[in-house]
Amino acid sequence: MGIFYFVAFLSVFFALMTIFTKNPVHSVLYLVITFFTFTVHYILLNAQFLAVVNFIVYMGAIMVLFLFVLMLLNLNKDTEPMKSTLVKVMGAIAGMCLLATFLGAFRVLEGQNEYVTGNTDVGLVKNLGKVLFDEFLLPFELSSILLLTAMIGAILLAKKETKQG
Amino acid sequence: MGAIILLSLLGILVLYLGLYNAKSLLLPVSIAGLVGALVFEVLAWNSGAAPIYHGMVLFDNFALAFSILCIVVTALVLLLSQEYFSAISKNVAEYYCLMLFSLTGALMVCAYHNFAMLFVGIEIMSVALYILVGIRKTDFASNEAALKYFLMGAFSTGFLLFGITLLYGATGTFDITGVKNYLVANPTAISPLFYGGILLMMVGLLFKVGAAPFHFWTPDVYDGAPILITTYMSTVVKVASFAGFIKLFSYVFSPLHDFWTPVLLVIIVITLFVGNITALMQTSFKRMLAYSSISHAGYMLFAIIALGANANTSIFTYGVAYSLASVAAFAGLILVKRSHGSDQFVAFDGLAKKNPLLALVITVAMLSLAGIPLTAGFIGKFMLFRTAMADYHIILLVLAVVNAAIGVYYYLRVVVHMYFYPMAEQEEKLAVPMGFQVVLLITLFLTVMIGVYPNYIASLL
Chain A
1448 MGIFYFVAFL
1458 SVFFALMTIF
1468 TKNPVHSVLY
1478 LVITFFTFTV
1488 HYILLNAQFL
1498 AVVNFIVYMG
1508 AIMVLFLFVL
1518 MLLNLNKDTE
1528 PMKSTLVKVM
1538 GAIAGMCLLA
1548 TFLGAFRVLE
1558 GQNEYVTGNT
1568 DVGLVKNLGK
1578 VLFDEFLLPF
1588 ELSSILLLTA
1598 MIGAILLAKK
1608 ETKQG
Chain B
69 MGAIILLSLL
79 GILVLYLGLY
89 NAKSLLLPVS
99 IAGLVGALVF
109 EVLAWNSGAA
119 PIYHGMVLFD
129 NFALAFSILC
139 IVVTALVLLL
149 SQEYFSAISK
159 NVAEYYCLML
169 FSLTGALMVC
179 AYHNFAMLFV
189 GIEIMSVALY
199 ILVGIRKTDF
209 ASNEAALKYF
219 LMGAFSTGFL
229 LFGITLLYGA
239 TGTFDITGVK
249 NYLVANPTAI
259 SPLFYGGILL
269 MMVGLLFKVG
279 AAPFHFWTPD
289 VYDGAPILIT
299 TYMSTVVKVA
309 SFAGFIKLFS
319 YVFSPLHDFW
329 TPVLLVIIVI
339 TLFVGNITAL
349 MQTSFKRMLA
359 YSSISHAGYM
369 LFAIIALGAN
379 ANTSIFTYGV
389 AYSLASVAAF
399 AGLILVKRSH
409 GSDQFVAFDG
419 LAKKNPLLAL
429 VITVAMLSLA
439 GIPLTAGFIG
449 KFMLFRTAMA
459 DYHIILLVLA
469 VVNAAIGVYY
479 YLRVVVHMYF
489 YPMAEQEEKL
499 AVPMGFQVVL
509 LITLFLTVMI
519 GVYPNYIASL
529 L
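As they're listed, the protein sequences go chains A and B. Throughout the first sequence, residue numbering follows our numbering, covering 1448 to 1612 in sequence. Throughout the second sequence, residue numbering follows our numbering, covering 69 to 529 in sequence.
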């Protein structure tokens, strides 16, 4: 349990650093570390597949993409949009309300719930594959349409049009 | 299921047609495919009692009716698209393909029986639209609309997913019957996570249908997107989202309706007033329709409040009426904009003299949207109000009637412009292409027919 509390502390700490740091590039780097601590959490929970995917896709691909975009955009103080205090206060209140609701819900939740403690091997790649290709075969196959749509769209938007629209 | 498979394959076939430059075939093949899908759906009528594919989809009459509506409206929109897309870009095939894929997603949302299918369906529907909204790459408004829609859509998907996760945490299943059984089995000891899940799913879906506190993207996106895509978004996507919404709340969450009814009541009242009052102030016909679509979302939420045997029928009838009238109104707008280059109310001046048929169709569409008797819109509103009345939501009903009255004012404004304002000097007649004539006449016929003989549609579900 000690290792969990340590990693959880790191997650919260780096998540807060992501928000509070002024430099956007630093912010993204802290977010990368936050995701890394999540990966550690997944390993602790015996969810190997999720850990690997989180590591490769989120930390590796998406965050690096983020970083590139930020560097290309060259953000600094001058380009930052004006944020009114009212919006900030409203955002803080709404966020805190959500947080309070969830903390309240988690507090009264019994930890010995069978879905929480039930099958600890469910996160292994072998079991995941069995579920994915049996029970969830239909959504799995149909998500290929989703990927195809996204691919067509990316090509369509990125391609140069010869004719002016 | 046949329809979903057929439409997926049709999208790929259309892509290949584009590859081999068979542009003249695109529309006929797409329409033929849609007719095929329609046949599949009609043949499956009254046969789907049990969920199939490990409980992933359920093709009961509710799902089939909404699927048929989506397919028919998509066919009407495609008939309008003949010269529309080719004026925008060379890659016409891809647009047809994206629309067909989006329709596939809509059908999945209509027929889901598992949250995984709901999520995949909503995503397919939305991702295709993010691209379609931004197809005018050189137009700034279109770019802005696409980006806004994408960010808001991604945001709302986050809410939806978090909601689904919490429901799974509480019940241990994604199957909607499983979730309902959990509610029925533990009426007193429902996990606190479940309540959070309901609220988050509600927020996610309200984003998708564009109801009031979550409507900020709607006017800009509907205004910035090409008119044809706006038509598709405000009809098919809205109807499919509502089908998913009502299935979730009237079937799964109905044992807990004391919990979520007050929340939804507040949202309905805000939606109606925001939509109608802002619609009053618009000078652009397109923007007016965008705001009025927000208020229509409010009316449709009525049916979810007043659960009961009639709720499905009334929301379906309203969806039919609203979709037909919207298609007709947007078709008229495309024609007017083509000849005037403007979508303001002023562009409609004197349309009754230039083209009496078009003016008549737009008038009937406006009357139907406003809910005047002898049109489909009246039947839709009447059935919704009746289901609300049966549940004694009198104050809500009074507010809704006030809003309907506000609606009449701004819908009739365009009619006044068409009939009572003189047209600008020396204008040639407005040409109506073949595809438009077919669509206008079909929508006119159906709107009036449902208005006069509502029994056919009321006894359907």
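FYI, nobody ran anything at the bench for these hints, they're computed from the structure. The model shown is predicted, which means the values in this text are computed figures rather than measured ones. Some clues are possibly wrong.
Unchecked claim - Okay, derived cross-link-like pairs now, DSSO-like style, lysine-lysine, Cα gap no bigger than 27 Å in a straight line:
| # | chain 1 | residue 1 | chain 2 | residue 2 |
| --- | --- | --- | --- | --- |
| 1 | A | Lys1606 | B | Lys158 |
| 2 | A | Lys1469 | B | Lys216 |
| 3 | B | Lys205 | B | Lys216 |
Here is how each hint holds up against the structure:
no.	hint	in the structure
1	A:Lys1606 / B:Lys158	holds (11 Å)
2	A:Lys1469 / B:Lys216	holds (25 Å)
3	B:Lys205 / B:Lys216	holds (15 Å)
When each numbered hint is compared with the structure, no violation occurs for any of them.
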